[in-house]
Amino acid sequence: MELIVSLFAAIGAFLGTVAAHFVAHDAYSNCPRYARRLIERAARRLPPFERARYEEEWLADLEEREGVFAKFKHAFDCLLCARTLSSLSRGRVPAYIEFSIPDVAKVRLDFVAGIVALKQVEDIFVGCDPSSPAPRGVHSHRLIVELQKKLQERYGELTPYRPGQLDRLTDLLEKMVQQPNGRRPLEIRLILNNGNASSWDQASFRCP
Amino acid sequence: MESDIRLSGPTLKVLKLLIEKPRQGRSGADISRALHISSGTLYPLLARLENAGWLGSEWETIDPSEAGRPRRRFYKLTGLGQTRASRALAELQTAPGVLVWN
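In the order they appear, the protein sequences are chains A and B.
For the first sequence, the residue numbers in my numbering are 4 to 211.
For the second sequence, the residue numbers in my numbering are 58 to 159.
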């Protein structure tokens, strides 16, 4: 009887060890994925205009961390500091411009980056529709004047320009060019924060 | 502007590291590794310095799809940051009885 119990105990111990090994291996191999999810969650706690930047930055940081513990620690740290970063962002001028092609894609840029982008977009979009009564440059010029006026009334200063954001716009434009039905209208929205994370003023424009 | 920055120990360490090679940008991971500062402390600190105009940051110039990884963001001192950081570190080193960060 004792022999049978010992045998079952040995088999149980062996199976338990194998199962623990599989669980540990699974946890180890999935660690980067779980850590990435934590970072994505942390980024969602930030104001909309900061999310893409910090998510990419933190994920790049995660890639450089070696070992399960270091990766998880970094991810949890990001989760914890998101609230602090969010409160720091509240003091900045939170305004951005969203460019979107309906049913295709959209991209958000800081205000100043958006203005630079508008000047690039002008060559591509404004005047591309021969039936449009507006001469080349009128749409974007009017838009820029209107955006600047709204911002100056409310804030008096602009967000700092962040190089690199235009790359995202380039991606968007490439997607647009690849559309089988040719060019589609580009929608441009100015989005201003009233100082409260949940309160946004929005103004929409549409380029031909 | 300077009064907005709280020159805590970790802040001084970061400033000292960045001022050693002011033209060389350093990523958050790089700074964290060099100074043993956790991400939870480092990123708010970098954001404060950036908001105050002491630091500038820019993306790494790679194509993430080609590199197979996200772009890093490099931080370096601005002209204002170099001036203010030098002054802060000099004051710290000359003040008697004050801890100097190595």
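Incorrect hints may appear among the rest.
Derived contacts from chain A toward chain B, CB cut-off under 10 Å, selection only [unchecked claim]:
1) Glu5
2) Ser9
3) Ala13
4) Arg44
5) Glu58
6) Glu66
7) Glu67
Across the chosen pairs, the derived CB separations fall in these ranges [what the hints assert, rightly or not]:
8) A:Gly70 x B:Leu74: 18 to 26 Å
9) B:Leu74 x A:Ile14: 26 to 34 Å
10) A:Thr87 x B:Glu148: 25 to 33 Å
11) A:Gly70 x B:Gln81: 23 to 31 Å
12) A:Ser90 x B:Ser122: 46 to 54 Å
13) B:His93 x A:Ala22: 17 to 25 Å
Where chain A lies over chain B, by a calculated footprint (3+ residues, C-beta under 8 Å) [said to hold, decoys possible]:
14) 96 to 106
15) 122 to 133
16) 136 to 147
Worth flagging that the hints you see were computed from the coordinates, not collected in a lab.
The model shown is predicted, which means the values in this text are computed figures rather than measured ones.
Backbone N, C-alpha and C define an ideal beta-carbon position, used for all residues, glycine too.
Tested hints:
Violation of the interface hint for Glu5 of chain A is found here, the shortest Cβ-Cβ separation to chain B being roughly 54 Å, above the 10 Å cut-off. At its closest, the beta carbon of Ser9 of chain A sits 49 Å from a beta carbon of chain B; the interface hint therefore is violated under the 10 Å criterion. Interface hint status for Ala13 of chain A: violated, as the beta-carbon distance to the closest one in chain B is roughly 45 Å, over 10 Å. Using the Cβ-Cβ criterion of 10 Å, the hint placing Arg44 of chain A at the interface with chain B is not satisfied: the shortest such distance is roughly 15 Å.
For Glu58 of chain A, the interface hint holds, since its Cβ comes within 10 Å of a Cβ in chain B; the closest pair sits about 8 Å apart. Using the Cβ-Cβ criterion of 10 Å, the hint placing Glu66 of chain A at the interface with chain B is satisfied: the shortest such distance is roughly 5 Å. About 4 Å separates the beta-carbon of Glu67 of chain A from the nearest beta-carbon of chain B, less than 10 Å, and the hint is met. Taking 18 to 26 Å as the suggested C-beta distance range, the pair Gly70 of chain A and Leu74 of chain B conforms, at roughly 23 Å.
As the Cβ distance of Leu74 of chain B to Ile14 of chain A is approximately 57 Å, the hint placing it in 26 to 34 Å is violated. At roughly 27 Å, the beta carbons of Thr87 of chain A and Glu148 of chain B sit within the given window of 25 to 33 Å. A hinted range of 23 to 31 Å holds for the C-beta pair Gly70 of chain A and Gln81 of chain B, which are about 26 Å apart. For Ser90 of chain A and Ser122 of chain B, the hinted distance range of 46 to 54 Å is not satisfied, since their beta carbons lie about 34 Å from each other.
For the hinted restraint 17 to 25 Å between His93 of chain B and Ala22 of chain A, the CB-CB distance of approximately 37 Å leaves it violated. Residues of the segment 96 to 106 of chain B with a Cβ under 8 Å from some Cβ of chain A number 7, which satisfies the need for three, so the listed coverage holds. Requiring three or more residues with a Cβ within less than 8 Å of a Cβ of chain A, the coverage given for the segment 122 to 133 of chain B holds, as 5 such residues are present. Interface restraint, the segment 136 to 147 of chain B with chain A: violated (0 residues with C-beta to C-beta distance below 8 Å; minimum three).
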